[in-house]
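All chains, please: the whole structure from these sequences, using the hints.
Chain order of the listed sequences is L and Y.
Heads up, the first sequence is in numbering that gives the first Met the number 0, so the first residue is 0 and it goes up one at a time.
Heads up, the second sequence is in numbering that gives the first Met the number 0, so the first residue is 0 and it goes up one at a time.
It should be emphasised that the hints constitute simulated quantities derived from the structure, not laboratory data.
For clarity, every value in this text was computed on a predicted model and none was experimentally measured.
Some hints here could point you the wrong way.
Dumping the calculated EDC-like pairs for lysine to aspartate or glutamate here, alpha-carbon to alpha-carbon at most 20 Å [to be verified]: (1) K50/L to E14/L; (2) K90/Y to E37/L; (3) K90/Y to D42/L; (4) K50/L to E86/Y; (5) K40/L to E86/Y; (6) K24/Y to E24/L.
Using C-beta positions, here's what the derived DEER-type ranges look like [said to hold, decoys possible]: (7) E24/L to V105/Y: 49 to 55 Å; (8) Q25/L to T31/Y: 34 to 40 Å; (9) L21/Y to K40/L: 21 to 27 Å; (10) A13/L to H79/Y: 20 to 26 Å; (11) T38/L to L81/Y: 20 to 26 Å; (12) S120/Y to G66/L: 52 to 58 Å; (13) T31/Y to K40/L: 24 to 30 Å; (14) E24/L to G118/Y: 20 to 26 Å; (15) L54/L to L81/Y: 23 to 29 Å; (16) G66/L to L128/Y: 23 to 29 Å; (17) P65/L to E114/Y: 49 to 55 Å; (18) K40/L to L54/Y: 26 to 32 Å; (19) Q25/L to H126/Y: 44 to 50 Å.
Don't be surprised by glycine CBs; every beta carbon is placed ideally from N, CA and C.
Residues per chain, in single letters:
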Amino acid sequence: MALPVKNRLRVLRAEREWSQASLAEQLNVSRQTINAIETGKYDPGLPLAFKISRLFAQQIEEIFDPGD
Amino acid sequence: MTNDEIPRRGLWEWIQGCSGTLQDKRNSRRFTLWCLAWALAYVGAHWILKADLELATALVWLLVSTPIMLMIGAVFSYMHFLRNADELLQKIQIQGLAMGFGAAVVFVTGYQLLEAGAGASEMQTDHLLIVMMFSWVAGQLHGLWRYR
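Below you can see the structure in the form of structure tokens.
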């Protein structure tokens, strides 16, 4: 079974003082998706990972850590 | 503000809150309307066709084809909803579909064995539909719970 990818989404969001709902709106996804990514229950697909990377102006690898 | 604490909500509010973006909710409502129209047409047509009435052939064809057309519309509406859905919602929906399909296979093959070996009465297609629908919904609820 694939291990979930660790990520810094919650930290980055907290730094900007955004709610999950507000981040979800900016990324055009549901709040549940943001929550599932932050808690490591769900790994986003490439298009969403790129959107997140663009929104926070960081490389994907700086946000998501495959942990290997 | 980082309001991560989600206030306690009822089951229906929880399901609604987990049902994707505004666009997903709109597409989901459209699909529900197609299904309601189909259900009404199906029940109505079934009732009329079963009630020993002298119907013109054209009317019989109309009664048979209306629910079929509405269900085809519902299927296209669901495909549109699925294609455009939030990616987590897509995953949840696919899990629901897999559970519905899997339950149908288990039910049909299991029941055929019961018919052959234990003398169970002949399977009704209505029962298969009910099993599929319930397991589809159960699969979705399980997905919603898993990724809550």
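So, going through the hints one by one against the coordinates:
1. About 18 Å separates the Cα atoms of K50/L and E14/L, which keeps this hinted pair within 20 Å; it holds.
2. Restraint check for K90/Y and E37/L: the C-alpha separation of about 17 Å stays at or below 20 Å, so the hint holds.
3. Annotation: proposed proximity of K90/Y to D42/L holds, straight-line Cα distance about 11 Å (limit 20 Å).
4. Proximity of K50/L to E86/Y is assessed by CA-CA distance (about 13 Å); at most 20 Å being required, the pair is judged to hold.
5. Straight-line distance between C-alpha atoms of K40/L and E86/Y comes to about 13 Å, which keeps the hinted pair within the 20 Å bound.
6. This hinted pair checks out: K24/Y and E24/L have alpha carbons roughly 14 Å apart, not beyond 20 Å.
7. Restraint check, E24/L to V105/Y: a C-beta distance of roughly 41 Å breaks the suggested window 49 to 55 Å.
8. The given range of 34 to 40 Å is broken by Q25/L and T31/Y, whose C-beta atoms sit roughly 28 Å from each other.
9. In this structure the hint that L21/Y and K40/L lie 21 to 27 Å apart at CB holds, the actual value being about 23 Å.
10. For A13/L and H79/Y, the hinted distance range of 20 to 26 Å is not satisfied, since their beta carbons lie about 36 Å from each other.
11. Between T38/L and L81/Y the beta carbons are some 24 Å apart, a value that agrees with the proposed interval 20 to 26 Å.
12. At roughly 55 Å, the beta carbons of S120/Y and G66/L sit within the given window of 52 to 58 Å.
13. As the Cβ distance of T31/Y to K40/L is approximately 27 Å, the hint placing it in 24 to 30 Å holds.
14. Judged by the Cβ atoms, the range 20 to 26 Å given for E24/L and G118/Y is violated: they are separated by roughly 59 Å.
15. Checked against the given bound of 23 to 29 Å, the beta carbons of L54/L and L81/Y, roughly 25 Å apart, stay inside it.
16. For the pair G66/L and L128/Y, the beta carbons lie near 45 Å from each other, so the given range of 23 to 29 Å is not met.
17. The beta-carbon spacing between P65/L and E114/Y, approximately 51 Å, falls within the hinted interval of 49 to 55 Å.
18. Taking 26 to 32 Å as the suggested C-beta distance range, the pair K40/L and L54/Y does not conform, at roughly 55 Å.
19. Checked against the hint of 44 to 50 Å, the C-beta distance between Q25/L and H126/Y comes to roughly 47 Å, which is consistent with it.
This entry does not satisfy hints 7, 8, 10, 14, 16 and 18, going by the numbered hints stated previously.
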